[in-house]
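In the order they appear, the protein sequences are chains E and X.
Counting in the numbering used here, the first sequence runs without a single skipped number right up to 226 at its last residue.
Counting in the numbering used here, the second sequence runs without a single skipped number right up to 554 at its last residue.
The set of hints was computed from the structure by calculation and includes no laboratory data.
Please read these numbers as outputs of a predicted model, since none were measured by experiment.
One or more hints might be untrue.
Residues from chain X that keep clear of chain E, each with C-beta distances beyond 10 Å, as calculated [to be verified]:
(1) 14
(2) 94
(3) 296
(4) 329
Looking from chain E toward chain X, a few residues come up when the C-beta cut is under 7 Å (computed) [stated by the list, open to error]:
(5) 15
(6) 23
(7) 105
(8) 218
Taking lysine to aspartate or glutamate pairs in the EDC-like style, the calculated list, with each CA pair at most 16 Å apart, reads [said to hold, decoys possible]:
(9) 166(E) / 130(E)
(10) 337(X) / 323(X)
(11) 202(E) / 142(E)
(12) 109(E) / 320(X)
(13) 202(E) / 50(E)
(14) 109(E) / 341(X)
Every residue, glycine too, gets a C-beta built ideally from N, C-alpha and C.
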Amino acid sequence: MNQTARILVVDDDPALAEMIGIVLRGEGFEPSFCADGALALDAFRSVDPDLVLLDLMLPGLDGIQVCEAIRSESGTPVIMLTAKGDTADVVRGLESGADDYVVKPFNPKELVARIRTRLRPASSSVTRIEVGDLVLDVAGHEVRRGDAIIGLTPLEFDLLLALAEKPEQVFTREMLLEQVWGYHYKADTRLVNVHVQRLRAKVELDPDNPRIVTTVRGVGYRAGGA
Amino acid sequence: MPWLSWRLALRRARRIWRRSLQLRTIALTVVLSSVAIGIIGGTMAMSIGGQLYETRRSQILAEAARAVLQGQSVLDEAATTVGEGPDGLNVLQNSLLPSIGSASTAQDIAILRAPDPETTTTLQDTTTSDFPQQLVSEDLREAVRTDTGQLSLQPVRLELQDGSTLEPAEGTVPGLIVGASLQVPTAGQYELYLVYDLGETQRTLDFLLQILFVGSIALIALIGGVVYVVTRTVVGPVREAARTSEKLAAGELEERLPERGEDVLSTLARSFNRMADSLQSQITQLADLSRVQQRFVSDVSHELRTPLTTIRLAGDVLYDQREDYPPATARTAELLKTQIERFELLLADLLEISRFDARAVELETEPTNLANLTEESIETVQPLADGVGSELRLVAPGGHMDVEVDGRRIRRILRNLLGNAIEHGEGRPIVVTVDSNQTAVAIAVRDYGIGMTSEQMGRVFDRFWRADPSRRRSIGGTGLGLAISLEDANLHDGRLDVWSEPGIGSCFRLTLPRDRRVPIRLSPVELPPAEVLDELLPVDQRDERMGGAGDARR
Chain E
1 MNQTARILVV DDDPALAEMI GIVLRGEGFE PSFCADGALA LDAFRSVDPD
51 LVLLDLMLPG LDGIQVCEAI RSESGTPVIM LTAKGDTADV VRGLESGADD
101 YVVKPFNPKE LVARIRTRLR PASSSVTRIE VGDLVLDVAG HEVRRGDAII
151 GLTPLEFDLL LALAEKPEQV FTREMLLEQV WGYHYKADTR LVNVHVQRLR
201 AKVELDPDNP RIVTTVRGVG YRAGGA
Chain X
1 MPWLSWRLAL RRARRIWRRS LQLRTIALTV VLSSVAIGII GGTMAMSIGG
51 QLYETRRSQI LAEAARAVLQ GQSVLDEAAT TVGEGPDGLN VLQNSLLPSI
101 GSASTAQDIA ILRAPDPETT TTLQDTTTSD FPQQLVSEDL REAVRTDTGQ
151 LSLQPVRLEL QDGSTLEPAE GTVPGLIVGA SLQVPTAGQY ELYLVYDLGE
201 TQRTLDFLLQ ILFVGSIALI ALIGGVVYVV TRTVVGPVRE AARTSEKLAA
251 GELEERLPER GEDVLSTLAR SFNRMADSLQ SQITQLADLS RVQQRFVSDV
301 SHELRTPLTT IRLAGDVLYD QREDYPPATA RTAELLKTQI ERFELLLADL
351 LEISRFDARA VELETEPTNL ANLTEESIET VQPLADGVGS ELRLVAPGGH
401 MDVEVDGRRI RRILRNLLGN AIEHGEGRPI VVTVDSNQTA VAIAVRDYGI
451 GMTSEQMGRV FDRFWRADPS RRRSIGGTGL GLAISLEDAN LHDGRLDVWS
501 EPGIGSCFRL TLPRDRRVPI RLSPVELPPA EVLDELLPVD QRDERMGGAG
551 DARR
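Given these sequences and hints, build the entire structure.
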């Protein structure tokens, strides 16, 4: 990934947006800004960013609605900036398609680490993996069932890839947090739960009776049948 | 077990008795009116019976007197017409009984010869066919013989005659024998006995008593019914008031009593409703105030976060470049950074406390191995312990099974307890014990540091309270840590206890239920803690501790 990745910052607080801009420029990113939820989607289309930093509380549309709008046309990584550590808001944000979230107040290193993890392409030693009736084209970032391409976000692809590379291994939520989200300390396991649900909704023929990503009760998840 | 069920029924009856004012009122009224009606009825029955008997008796006496007169006149007449001699007497004898019988309603008649008559001419004993001679007592005969010209009475019980009776169940009916003496010309003194049946009178009396009895029962039942209806109209509203107050107490503040009419009960209902109105408005007002206050705290915390984030980013940017600044400015950047962090922790804790106060917290439980979780927590604070030279020891005889807990909150509690132990542990070892029993899992953090007085111990969970304000803090902390830990423990239906002795150390014990539906019976870890691991103490502490341990167990 080149160092001039474009990042769209959607935040209505000008001081914070500017400060984030200073931090991002200092790290070699190229920030652009939008202060209104209602204008965010237009800004997203015109900037075509590599990643979106999205405040949860916005005038116009709120962050969750903006996230849903972005998700409806793109898998571009979205990181929520939330002033609320409240359970319901975080889960709603994740369910609307955000890849990750950062709780205010955050420090610059934490923010940059989260951004870098999401911009880093998943590396794999293989180019093609089969899991169940799905085929993962690692180089092309594509998943197919037969001839049909299943559209996954980069995060969902990384999650599926992590599981599919070692089908014999059961992954705990903590292992997935480290491998897919880049957390090296205890983080919010709801990230895993929500994204596994979103992934299943796309890849499973029957999401209520999953065959691709199966749950191992009390431990975590694994690829393929139990 | 019939004995048991009988006792159970008795207990239930007693409870109903105690609980139902209506039942007690009805029972009392019925019992008292039964006694009254019983006394009245008994008196009535006795006087009616006596009156009936008296009437019948005087009727019988009058009749008997007529019969005796008739008999005597027959005899006197016979003396002039029939003449003397056995034949004449026989004829007389045959006509005498029918003649007397026609003059009276007596059931049986007998004419008996008095013992040792002085005359030789005798009249045979003449009786009607069923005359119960054995019933005529010697006393009666004696009375008849001595009181000539008088009527003598004897009450008897008569054998019933076959088929002629209405009361087959009883073998006898009351009767009366009337005796009188007759003078038979030439044959001397004879005794006339007339047997009267009182069965008819008895039947009348029985019938009257029956009517009286049935009437009394009906009256008592009626009184019971009336009392039931009356008490219902009184007890009903009272009961409703009780039900309504229960609902009010349970928080259904909209509940009111119906107000009908102008009587005492409706006055009760009205004043009750006024009380409820006033309660409701005050509670609503308080709840609003509390909501506003909590909302305010929460809003302030949230509003502070955005500028704080900007400040933090700015502070970190400056801090990262501090080497380029003159020393005073560089130090300023360092102070700025550390104080922003402290401010941040404080804000986070404030926000957490405001969530607890607003009851806006939820447990997110998952099966967790508390022994492993404790080990992890110890690892995360290991650098801090190394910094002050405290050794962290884990003793985990139990707690290796999965328990449904909110791992984030338990970790936060442990971080707090361990941080406190390290801060106040004077560099001595810290022992963490994890154990479990049937109902609970406990984690105890024991330090051998400065300890606390009992007064300090009582305040240790207070918000913003610090054991020793002058003491230099190496780790920091907001003063809300233990308050939040206590809330977290309570949220799990668990307990957070403390034991401490000045100069000996402190022990904080977290006890969590294995199953939240089953209450904790006993914590698996003792408090005050069992003195373990003597070798953990510095040599110069051991003797001192021996004395102290005794104190602690006093």
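Hint check:
The non-interface label for residue 14(X) is consistent with chain E: the shortest C-beta to C-beta separation is roughly 52 Å, beyond 10 Å. Every CB of chain E lies more than 10 Å from the CB of residue 94(X), the least distance being 121 Å, so the non-interface label holds. Here residue 296(X) stays apart from chain E, with its beta-carbon at least about 16 Å from theirs, past the 10 Å limit. Under the 10 Å C-beta cut-off, the non-interface status given to residue 329(X) relative to chain E holds; the minimum distance is some 18 Å.
Taking 7 Å as the C-beta cut-off, the interface hint given for residue 15(E) holds, the closest approach to chain X being about 5 Å. About 6 Å separates the beta-carbon of residue 23(E) from the nearest beta-carbon of chain X, less than 7 Å, and the hint is met. Given the 7 Å rule on beta carbons, the hint for residue 105(E) holds: about 4 Å separates it from the nearest Cβ of chain X. A distance limit of 7 Å between C-beta atoms decides the matter here; for residue 218(E) the minimum to chain X is near 5 Å, and the interface restraint holds.
Between residue 166(E) and residue 130(E), the direct Cα distance comes to roughly 11 Å. Compliance with the 16 Å bound is thereby established for this hinted pair. Our distance criterion of 16 Å between C-alpha atoms is met by residue 337(X) and residue 323(X), whose separation comes to about 14 Å. Between residue 202(E) and residue 142(E) the CA atoms are separated by roughly 13 Å; this keeps the pair inside 16 Å, and the hint holds. In summary, the hint linking residue 109(E) to residue 320(X) is supported, as the alpha carbons are separated by about 10 Å, within the 16 Å threshold.
Our distance criterion of 16 Å between C-alpha atoms is broken by residue 202(E) and residue 50(E), whose separation comes to about 23 Å. Annotation: proposed proximity of residue 109(E) to residue 341(X) holds, straight-line Cα distance about 14 Å (limit 16 Å).
In the structure shown, a violation is registered for the earlier hint numbered 13 alone.
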